[in-house]
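Q: Make the full structure from the sequences, and use the hints.
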Amino acid sequence: MSFHLKVVAIDRLLFEGDIDKMQVTTTDGQLTILPNHIPLVSVLKIAPLIIEHEGEKKYLAISGGYMSIQRHETLIVADIAEWAHEIDRDRVEEAEQRARHAIEHPLEYVDPAVAEKELQKAINRLHVFDLYHKKA
Amino acid sequence: MAKGMKAIKDRMSSIKSTKKVTSAMQLVSMAKLQKYQRQIIPIKSYKNLVEQHMQHILNAAKNKQTDIDVAYFRQPKTIEKIAYIVFTSDVGLCGGYNVNVLRALREEVRNNPEVEHLFYFIGKNGAEKSGFYNLTTTFALTGRNETLTYEELTDEIVMPLMDMYAREEIDAIKIMYTDYKNPLVQTPVLTQMLPAQFENTDTTKASGEPVITADTLFEPSPNSVLTYLAPKMISTMAYIYLLESLTSESASRRMAMESANTNADQMLDNLSILYNRERQAAITQEMSEIIGGSESLN
Chain B
52 MSFHLKVVAI
62 DRLLFEGDID
72 KMQVTTTDGQ
82 LTILPNHIPL
92 VSVLKIAPLI
102 IEHEGEKKYL
112 AISGGYMSIQ
122 RHETLIVADI
132 AEWAHEIDRD
142 RVEEAEQRAR
152 HAIEHPLEYV
162 DPAVAEKELQ
172 KAINRLHVFD
182 LYHKKA
Chain S
199 MAKGMKAIKD
209 RMSSIKSTKK
219 VTSAMQLVSM
229 AKLQKYQRQI
239 IPIKSYKNLV
249 EQHMQHILNA
259 AKNKQTDIDV
269 AYFRQPKTIE
279 KIAYIVFTSD
289 VGLCGGYNVN
299 VLRALREEVR
309 NNPEVEHLFY
319 FIGKNGAEKS
329 GFYNLTTTFA
339 LTGRNETLTY
349 EELTDEIVMP
359 LMDMYAREEI
369 DAIKIMYTDY
379 KNPLVQTPVL
389 TQMLPAQFEN
399 TDTTKASGEP
409 VITADTLFEP
419 SPNSVLTYLA
429 PKMISTMAYI
439 YLLESLTSES
449 ASRRMAMESA
459 NTNADQMLDN
469 LSILYNRERQ
479 AAITQEMSEI
489 IGGSESLN
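Going line by line, the protein sequences match chains B and S. To convert, take the position in the first sequence, counting from 1, and add 51; that gives our numbering. To convert, take the position in the second sequence, counting from 1, and add 198; that gives our numbering.
Please note that a few of the clues may not be correct.
What the hints assert, rightly or not - List of simulated lysine-lysine pairs, DSSO-like, C-alpha gap at most 27 Å: (1) K245(S) x K96(B); (2) K109(B) x K96(B); (3) K109(B) x K185(B); (4) K430(S) x K96(B); (5) K57(B) x K245(S); (6) K260(S) x K96(B); (7) K96(B) x K242(S); (8) K96(B) x K168(B).
What the hints contain is simulated information worked out from the structure, not anything from laboratory work.
A: Written as structure tokens, this is what we have:
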């Protein structure tokens, strides 16, 4: 059994094809989606997306978005999405440091909520990077 | 006579160097035009998807008899204050591009004198020239047209405006952009973003089967999904309009530069005829002087 998934971000189509299962994180918590899932529309958190097809796992870093599961097609519309192999660990670590610094040393013109979000994004990317490389 | 010839020569060389600049600019704007057109394609399909889903979710939410209580979808009873996002160019030499936009806005203000208008200009030219068209600039984002990203546009312009709309500080948001029809025709278009206008029909795909069925679950709730989707939708549209405007700007500049080139060629042609005539006249005169001189010796 498999189902059809499409992952789009603002600038590109990341994935389109049949998969066996996937793991997403919605605002309500982590979900594993299998074929024939009940129709569901949900908002996604900054979290990894793990797609599995014929035993092969693929990892994506999703920075927020929404998901719509319908009978024939599942669609994920992401704000920003990257494949694990596209992540540059050094740059992400730098971004993490920057975000932490901004949170610890608040400046007037930096919105703490924005810094917090940047930090979450960086942590998520690192997480996805590690998941991918541990497996590979 | 030699003096007149020198003046013509100087003029020709100055026209030639101007022509070098305009033909370089023509090539650059042609390349940019193609770049923006390529960029716009994936975003358009993204927008179509989001739009389609938004429509279905709205309908599904209605079918479930839930009250849609999303601040972005409030329908104001009277419209007293309208915010306009206006896309203009940062640099000049692009023909009627900015003028057409500003003229259309002036027309809009004239037609609705009882409403308060707030203008948010993107691009230096709009903000600078707005005074000539009796438009007051509320906010201007200048010098960043070509590097403006989707996130920046969203965070600095679209979201603040949408929040103002949600807080009932403004009653409508409209976008003024230049629609790229073809390389020769670009028209300024004013479109309304909020209050949203939804078509109430067509929950089905071409196959006749609803894309989102009535038993769809919403997590955590239809309202929170819609609150997330609405700004996304508007930001995407705004970004598409930005790209569309940049495409039009390049096309308009290409056209302006092309006619500048043709004019330069024409002027060079005329001047070289004039120059040749002057040169011939000088020779003829010198010859008659020599002949006259030798005749007087005899």
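Q: Checking against the hints above, which ones are violated?
A: none
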